[in-house]
Amino acid sequence: MNACRNVWTITKRELGAYFTSPLAYVFIVIFLLLSGFFTFFVGGFFERQEASLVRPFFDWHPWFYLFLVPAVGMRLWAEERRVGTIELLLTMPITAWQAIVGKFLASWLFLALALVLTFPVVITVNYLGHPDNGVILTAYVGSWLMAGAYLAISCITSALTRSQVVSFIISLVVCLFLILAGFPPVINVLEQVAPRLTDLVTSFSVITHFEGFQKGVLDSRDVLFFLSVIGFSLFTTSVILRTHRAG
Amino acid sequence: MIKVQNLAKVFGTKRAVDDVSFSINRGEVLGFLGPNGAGKSTTMRMITGFLPPSAGSVTVGGFDIVEHPIEARRLIGYLPENAPAYTDMTVYGFLHFTAEIRGLRGEARKQAVNRVVEMCFLGSVLHQSVETLSKGYRHRTCFAQSIIHDPDVLVLDEPTDGLDPNQKHEVRQLIRRMGEKKAIIFSTHILEEVDAVCSRAIIIDRGKIVANGTPQELRQKSEWAGAVTLRVRGVASSTVTTKLYQVPLVKRVTVVDEKDGHVTVRAFPKGGANGALAQAVGEAAHEWQIEQLQAEEGRLDEVFRSITMPDTAKEGA
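First to last, the sequence lines map onto chains A and B. The first sequence lines up with residues 1 to 247 when you count with my numbering. The second sequence lines up with residues 1 to 317 when you count with my numbering.
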């Protein structure tokens with residue numbers, strides 16, 4: 001239980017750090033504005049005349065996260081390295097894993113909060129019609145898992161550098177690959193060039209795996225995909241932190 | 001409490017720390033001296049488990065820092081170089097966090113925070129954000145963090161760096177007081193600190209230990225140890241030096257100053273003079289008008305320079 005307490009101590013500190021800087025508020029406001037704008041104007045929520053959030057709301061999430069999640073994750077390790085507090089943190093009587101998980105969890109919970117704050121959309125659609133709230137809930141879970149996968153990748157890039165900007169850009173590029181691997185125009189090209197590889201490539205895409213959640217299907221393979229991206233990325237982060245110290 | 005054996009650290013092709021061994025017991029304050037880049041910080045980082053050693057071992061309180069890092073780190077309080085602290089937190093929040101991560105809860109945590117706030121005079125900035133603190137306060141905040149769990153072992157990397165003279169004095173007092181019950185290792189390049197605080201000192205240069213002993217013993221290594229300064233009136237310097245060279249114990253005589261009929265010379269002893277030089281010089285000079293006759297103590301800065309300089313000069317050439 002000691003391990004859990006240590007993780008929670010780190011998580012609390014990190015969450016506190018978000019809310020003492022303007023970053024948290026700026027992030028939440030931008031996220032809500034963007035999702036509102038895209039749902040009602042670009043996504044054509046009213047024009048569709050259906051009581052569903054899948055196309056107008058959740059379809060945009062992979063693209064929002066592309067910019068917003070690296071912005072949340074970029075400071076996690078880069079800032080510790082820049083200020084030198086990493087030396088304090090990693091000489092405390094906790095394991096590197098507890099620190100890594102604690103930090104990741106804090107950012108993930110923060111993203112959950114941002115996601116929960118989009119609840120007016122759910123109220124709106126319930127007020128106007130009779131949507132399948134089960135589908136909406138699974139889509140929310142999927143969206144949160146997807147955000148976790150992006151975030152874990154940002155953890156890696158953040159551990160790689162002292163500069164938050166570099167971390168942001170690299171993780172944006174990596175996440176873009178994860179999206180494009182399942183983006184219809186890319187798949188079309190791929191099918192013509194290398195049809196055998198198409199399945200392999202698309203199976204790496206967050207879009208492919210998010211699709212199921214949007215339909216209200218909680219497929220264990222999709223859950224496993226996101227969890228394994230998170231697990232693998234956090235493991236890579238620990239390796240990077242170790243080799244960085246080994247010199 | 002701390003045992004360092006054949007410790008080495010290699011960065012690429014550079015041996016930052018090369019075969020360093022020493023140990024520190026409870027009640028000892030070890031001063032870790034050396035020029036910049038000598039490997040002081042690297043050694044301390046390995047003792048605290050931040051850097052894994054390339055070879056050799058460190059045990060703290062019987063726990064190997066690589067095999068049992070958590071148990072060993074529990075015993076250590078660490079002040080890293082440049083005293084980093086989370087800039088987005090208040091001093092109180094930061095100390096609260098470090099106390100919690102050290103396993104202190106509830107009342108014990110409150111007491112621990114209050115204790116270090118008092119010890120490090122942080123009361124006036126308690127609810128200020130670390131970012132807005134002056135360097136001295138920031139330094140003391142990080143120092144407070146290192147003693148919050150009242151550790152048996154303290155590793156302090158340049159604890160007085162960036163402090164004003166009063167604060168330096170306070171920190172030294174604090175280290176000396178705590179040194180009675182703990183094992184403390186601290187690095188510095190201020191030599192007066194060694195005299196003021198340490199029970200033992202190690203000089204490290206380019207990764208290797210080049211001297212190890214009490215400040216007194218180190219001073220003995222100085223050419224100055226047992227040297228005699230003599231000031232006389234109304235005699236030419238050449239006469240004085242010639243006469244002194246006839247004293248058997250004298251190895252070398254230098255003229256320090258000559259003006260207005262005063263001559264100041266300094267005689268350095270041969271090995272084995274054992275403080276008898278002042279007597280001999282006094283006898284040799286008895287027919288002159290002696291204004292000053294003073295036996296010198298060894299000087300640490302001179303020992304430090306003579307041990308570490310030749311190598312640095314060689315490297316520059």
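Keep in mind that the hints are not guaranteed to be accurate.
[To be verified] 35 Å max Cα-Cα, derived DSBU-like pairs, lysine-lysine: (1) B:K259 - B:K270; (2) B:K3 - B:K208; (3) B:K208 - A:K12; (4) B:K181 - B:K221; (5) B:K168 - B:K135; (6) A:K12 - B:K110.
[As the list claims (entries may be wrong)] Listed next, the stretches of chain B that the computed footprint assigns to chain A, with coverage defined by at least 3 CB atoms under 8 Å from CB atoms of chain A: (7) 78-90; (8) 95-104.
No lab work stands behind these hints, which were simulated from the structure alone. Don't be surprised by glycine CBs; every beta carbon is placed ideally from N, CA and C.
Here is what the structure says about each hint:
no.: 1; hint: B:K259 - B:K270; result: holds (28 Å)
no.: 2; hint: B:K3 - B:K208; result: holds (16 Å)
no.: 3; hint: B:K208 - A:K12; result: violated (43 Å)
no.: 4; hint: B:K181 - B:K221; result: holds (30 Å)
no.: 5; hint: B:K168 - B:K135; result: holds (13 Å)
no.: 6; hint: A:K12 - B:K110; result: holds (18 Å)
no.: 7; hint: 78-90; result: holds (count 10)
no.: 8; hint: 95-104; result: holds (count 6)
Violation of the numbered hints given earlier is confined to hint 3; every other hint is satisfied by the structure.
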